[in-house]
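Colleague: Listed here are the chains, written in short residue letters.
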Amino acid sequence: MPLIVIGLSHHTSPVHVRERFAFADARIPATLELLRSTGVADEAVILSTCNRVEIYAATSGAPKQSMPTLRDFLVHCHDYRDPLTDEIYTFAEPQSIEHLFKVACGLDSMVLGETEILGQLKKAYDLALQHGCTGAVLNKAFQKAFNVAKHIRTETNIQRGSISVSSVAVELAQKIFSSLDDRQVMVIGAGDTSEKAARALLSRGARSIIVSNRSHERAEALAAELGGRAVHFEEWAREFDQVDIVISSTSAPHYILDRAKLQPLMRARKNRPLLLIDIAVPRDVEPEVNFMENVYLYNIDDLQTIAADYLKQRKEEIARCEAIIVEKARSLAGGRRPGLPPLSEPAFGHE
Amino acid sequence: MPWFNDRTIFLFAVALYGVSAIYSIFLLRKGFREDNRLNYLILVGAFALHTIAMFQRGFSLQRCPINNLYEATMFIGWTIVTAYLVLGAWARLRFLGAFAAPLLFGMGVYAFILSLGVKQTTQPDFTGGWQSLHAALIFLSYGAFGLSSLAALMYLNQEHDLKFHRMRAIFSLVPPIERLELIILRLLIAGFVLLTTGLLIGGLALTPPPGTSYWTDAKVVWSIIVWCLYLALLILHWRFAQTGRRFAWGAVGSFAFVLLTFWGFSLLSGIHNP
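If you're matching them up, the sequences are chains A and B in order.
The opening position of the first sequence corresponds to residue 4 in my numbering, with each subsequent residue numbered one higher.
The opening position of the second sequence corresponds to residue 39 in my numbering, with each subsequent residue numbered one higher.
Here chain A stands alone, though its shape is the one from the complex:
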């Protein structure tokens, strides 16, 4: 039985189309059962995330006949009556296997190389497995996909590095401090990005957050949300001797921290390393402070450059990952069906 994939993703359809095809978790078991009982598929897994809706199916019929049936099923299942052009793609082997592997590795994701999709794929597979909707073909294909994802993660740099500003901030902190446990973080100016960075640091073990904002109510609200405490904006410097990481994003038109102000504060901190993340525009921290010993200053451009470099590195890894995927897909498809056409000859299907 060949593996077939039918679905739509962020590559082919906008969100207003994807949301109409999305399966609620509670609806998936019944849909899987319907696929089997109506004979549309012998085995099936439904993957429904914010960026894709896909049915992985194994059918006893020829893919050429099964694919239109699956497509009709998907459309009618959601009672979708608007015209469709290239939103829905279908793949037969070997592209279907390659596609599954690419999805598992995050190569088909909106954020290249992200790992969340692997968890979603495992969850979708487990659900189908629990309801007895998988068999020899899908079990083997999905197990192989999880192995390939692991292999790609360890052998290539596709998932290495952070490509968001907040996770770059965490990564920098990890290069400076032995451990993020027991580190005190200070957020000056309660903006969206600084909140994300603070959350990321907390999730990696940072002890607590001190929030200071011109609007003290906003500071208190954010501090309560992050499990930290708020200090008045005029008093943030008093807390400095306990702080290891500062995330600053005020809308002040001038520097709120300069060399002259930081020098006595560093002495009070006994020259312990200090990471300053300045994501404000105009900048909050005078660039000169980076020349002070044990002070590491990164502004928004520095963080974005690092994130962009990581993304560039990930893109450079795509060819390597694809070569591995083609080889693994060939071994899986070849093992099941001797005499399969070479992978360079495309089977039918489109995206």
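Treat the hints loosely; a few may be bogus.
To be verified - Just a sample of chain A residues kept apart from chain B, beta carbon distances all over 10 Å, derived:
hint, residue
1, Gly138
2, Gln177
3, Pro276
4, Asp305
5, Thr308
To be verified - Have a look at the derived ranges for each label pair, beta carbon to beta carbon:
hint, chain 1, residue 1, chain 2, residue 2, range
6, B, Phe97, A, Lys318, 45 to 53 Å
7, B, Ile273, A, Ser181, 22 to 30 Å
8, A, Gly337, B, Leu79, 53 to 61 Å
9, B, Gly291, A, His14, 55 to 63 Å
10, B, Leu79, A, Asn142, 35 to 43 Å
11, A, Glu296, B, Ala129, 31 to 39 Å
12, A, Arg270, B, Ile63, 36 to 44 Å
13, A, Glu237, B, Ile273, 52 to 60 Å
To be verified - Straight-line Cα separation of at most 35 Å, DSBU-like style, residue types lysine-lysine; simulated pairs:
hint, chain 1, residue 1, chain 2, residue 2
14, A, Lys264, B, Lys201
15, A, Lys264, A, Lys143
16, B, Lys257, A, Lys315
17, B, Lys201, A, Lys315
18, B, Lys201, A, Lys318
These are computed hints drawn from the structure, not numbers from a lab.
Virtual Cβ for every residue (Gly too), placed ideally from N, Cα, C.
Since the structure of chain A is already known, use the hints to place chain B on it.
Modeller: Quick look at chain B alone, frame taken from chain A:
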């Protein structure tokens, strides 16, 4: 084969340290993103040859081969490569070889030059258990100081990359700079304790040869200067918050002083170079 002796084997070991040092330059340039297994294996090979050379020399002398400057330098190098190979068993710490290899190569060349002035089988310069312990502890302390200077070089390299926002600071496998500083400190403490013990044994358990005095011996005075240097470094760190880059430069500078002056003061010493 008269030419095939411990010195020849050591020369092969030094050649392998050299190969590793060259390879390390590529690793450093790539920010340790490459696998360090090859470098580790080269250093395993060099270590094997180094050990064989030391054993062969030890068997020919019928004692621990720390009897002259050549053997002492060889021994310090051996402690450093042994420590690296133990740490390198953890894949994450294997990158340390890129810093150890140039130092080992430098020490190897230095030791080999010294070996040219040493007779192949010679009477040991030191005899007796206390003398051997005195020498071994002091050389082990130099090994610890050498390792601390390596950690300090790593610190300076990583700190520079972090300051100047180089991507390789994040890509590299080098530990966080705060941990590196702790490693420098611990190695300095270990080295200082070993040096103090070694010097105390020398001063209390050994008697200077007739007609000589510890207080006029160049090597003894030099050793006290080195001891004071490391004590000052530790006091500045603990009491005067001299941390980070300054502390790392202190560790590098102190060991550079030891390396550059050790030979000269040993030659000037009437007790240590009779």
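Colleague: Against each hint, give a clear statement of whether it holds in the structure.
Modeller: Evaluated hints:
1. Under the 10 Å C-beta cut-off, the non-interface status given to Gly138/A relative to chain B holds; the minimum distance is some 40 Å.
2. Not every CB of chain B lies more than 10 Å from the CB of Gln177/A, the least distance being 6 Å, so the non-interface label is violated.
3. Residue-level check failed: Pro276/A sits 6 Å from the nearest beta carbon of chain B, not beyond 10 Å.
4. At roughly 5 Å from the closest C-beta of chain B, the C-beta of Asp305/A falls inside 10 Å, breaking its exclusion from the interface.
5. Look at Thr308/A: its CB is around 8 Å from the nearest CB on chain B, not clear of 10 Å, so calling it non-interface is violated.
6. Roughly 59 Å separates the CB atoms of Phe97/B and Lys318/A, a value that falls outside the hinted 45 to 53 Å.
7. Between Ile273/B and Ser181/A the CB atoms are about 23 Å apart, so this pair conforms to the stated range of 22 to 30 Å.
8. Take Gly337/A and Leu79/B: their Cβ atoms lie about 35 Å apart, and the range 53 to 61 Å is violated.
9. Checked against the hint of 55 to 63 Å, the pair Gly291/B and His14/A passes, with Cβ atoms roughly 58 Å apart.
10. Distance hint for Leu79/B and Asn142/A: a CB-CB separation of about 40 Å, consistent with the stated range 35 to 43 Å.
11. Between Glu296/A and Ala129/B the Cβ separation comes to about 32 Å, which falls inside the hinted range of 31 to 39 Å.
12. As the Cβ distance of Arg270/A to Ile63/B is approximately 39 Å, the hint placing it in 36 to 44 Å holds.
13. Distance hint for Glu237/A and Ile273/B: a CB-CB separation of about 39 Å, inconsistent with the stated range 52 to 60 Å.
14. Straight-line distance between C-alpha atoms of Lys264/A and Lys201/B comes to about 20 Å, which keeps the hinted pair within the 35 Å bound.
15. Of the supplied pair hints, the one linking Lys264/A and Lys143/A is violated, its CA atoms being roughly 63 Å apart against a limit of 35 Å.
16. With a C-alpha separation of about 57 Å, the suggested pairing of Lys257/B with Lys315/A is violated against the 35 Å cut-off.
17. This hinted pair checks out: Lys201/B and Lys315/A have alpha carbons roughly 22 Å apart, not beyond 35 Å.
18. Taking the CA atoms of Lys201/B and Lys318/A, the gap is about 27 Å. The hint holds against a cut of 35 Å.
Hints 2, 3, 4, 5, 6, 8, 13, 15, 16 from the list above are not met by this structure, while the remaining hints are.
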